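Make the full structure from the sequences, and use the hints.
4 protein chains.
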Amino acid sequence: MYNRLDKGRKVLSEQPFSVLVGTELSRMDEGQVVMELPLRRDHMQQHGFAHGGVVSYLADNALTYAGGTVLGDVLTLEMKINYTRPAIGDRLIARAEVISSGRTQAVCQCRVFAVNAGTEKLCAVAQGTIVAIPKPD
Amino acid sequence: MYNRLDKGRKVLSEQPFSVLVGTELSRMDEGQVVMELPLRRDHMQQHGFAHGGVVSYLADNALTYAGGTVLGDVLTLEMKINYTRPAIGDRLIARAEVISSGRTQAVCQCRVFAVNAGTEKLCAVAQGTIVAIPKPD
Amino acid sequence: MYNRLDKGRKVLSEQPFSVLVGTELSRMDEGQVVMELPLRRDHMQQHGFAHGGVVSYLADNALTYAGGTVLGDVLTLEMKINYTRPAIGDRLIARAEVISSGRTQAVCQCRVFAVNAGTEKLCAVAQGTIVAIPKPD
Amino acid sequence: MYNRLDKGRKVLSEQPFSVLVGTELSRMDEGQVVMELPLRRDHMQQHGFAHGGVVSYLADNALTYAGGTVLGDVLTLEMKINYTRPAIGDRLIARAEVISSGRTQAVCQCRVFAVNAGTEKLCAVAQGTIVAIPKPD
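Residue numbers (this note's numbering), protein chains in the order written: chain V, 1 to 137; chain C, 1001 to 1137; chain B, 2001 to 2137; chain E, 3001 to 3137.
Just so you know, the hints here were simulated from the structure itself, not pulled from any lab data.
No false leads were slipped in.
Partial pick of chain E residues on the chain C-facing surface, computed with a CB cut under 7 Å:
(1) 3080
(2) 3082
(3) 3099
(4) 3122
(5) 3125
(6) 3127
Since this is a predicted model, take the numbers as computed values, not measurements.
Note that the Cβ used here is the ideal one computed from N, Cα and C, for glycine as well.
This is how it looks when you write it as structure tokens:
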């Protein structure tokens, strides 16, 4: 009875770390997802920007969800992230998409934006490999 | 009056996100750092493992601190992480080291281990570029 | 007197390795370049596909050229490549673009396609950091 | 009748691109390989250093061979490379090792050194995922 977005939100609510951080799933279509994170003081590093680890967590999670829209149960095998600008603002938005996919793997990319007073600025770009959960190795 | 480890711990205590997550700095020598994270339910994803975002946060932070031991005030320009095994256990340990450094940049590597009942298992390997905080760009 | 494309082709002709490999520069606009490589037997690995090293060379070079369109004299600091499909065909086409740039650095992405009997298929996706050539470090 | 090193050299001799470039396999043990490349003018870019694409080709190939020592027939799924210094000298040496491996995948790391007048200097560090050649996807 769940649609894709509801199911994605349910999984997110079952990730204690995502609940701790406060992640929201805004959109989940085949090959594309949008995740958002309302920023609070808890997310900062010592200079008052969102911690790089918060940005990479959000990128990682968005990549995984994007891959999941085409592969089902998945995990992130690896990812790479470039930080392009300090993440300053009231909200992070991660937009991830599937670039290429096969039966068991997908390559996905993600851009993370910081929203400050209504203006979005790119703060990170990520690329990674998502794999369907394999049989025990 | 602070030694390097005390100073590193002070910076860590000024990162609200690291306080939220519960990160500990165990060792900080020139070119090498060790960070640890006692795992709790808050760090999990839906399958009961530490969330990949927790692992990548810890790797990112350890890489940054390693670079900081040779460069001073730094930030992570980019990083790449391979997850090698689900992070199951009571504690994560990230060991990072400087592989190469110049006046303004360092390439660092990090291995993250999950400690389960006293046994360490490698769960991620990361590599990244740390840069001295630049003049406004 | 040179326009951007002519200048780019001149630099390419001064790279003995690019001459050895046979790389062609098709397009060079601000923030975007296209490089092509007519495939011959010399580019293959043991299974008859273009060697991964040929694909990564082309991606690396296209990323560098893209960064150069906004930064001038540049070099590649780092890059990451995902191979999505064996590179089979008569020609590789690398399309690279600048995603984000500052005064001294740019983050670029590239997609490499294999053209087989007129059909393009994505065979690799790359992302990297291009830097203006720095003062001696 | 072939030992591992002979078999590795045979495969290398069947890669036309490796023959074109002039790659040599010096060592091939379980989990560890060494590849070398005597540098000639053909390998250079416009500043007289080995082209980044030569360095990344060598790193990629060494990673693949390292993974092959534990997995059999393999290909490189993805890799990331940081260039740490211009590759100046008469020879490149790539030392690659398996960091972690399962039934179908291995994470490997590689360091590439330029040998100049008998002195080795690190010029690149790479990390990648090697996979056993899968069934058609």
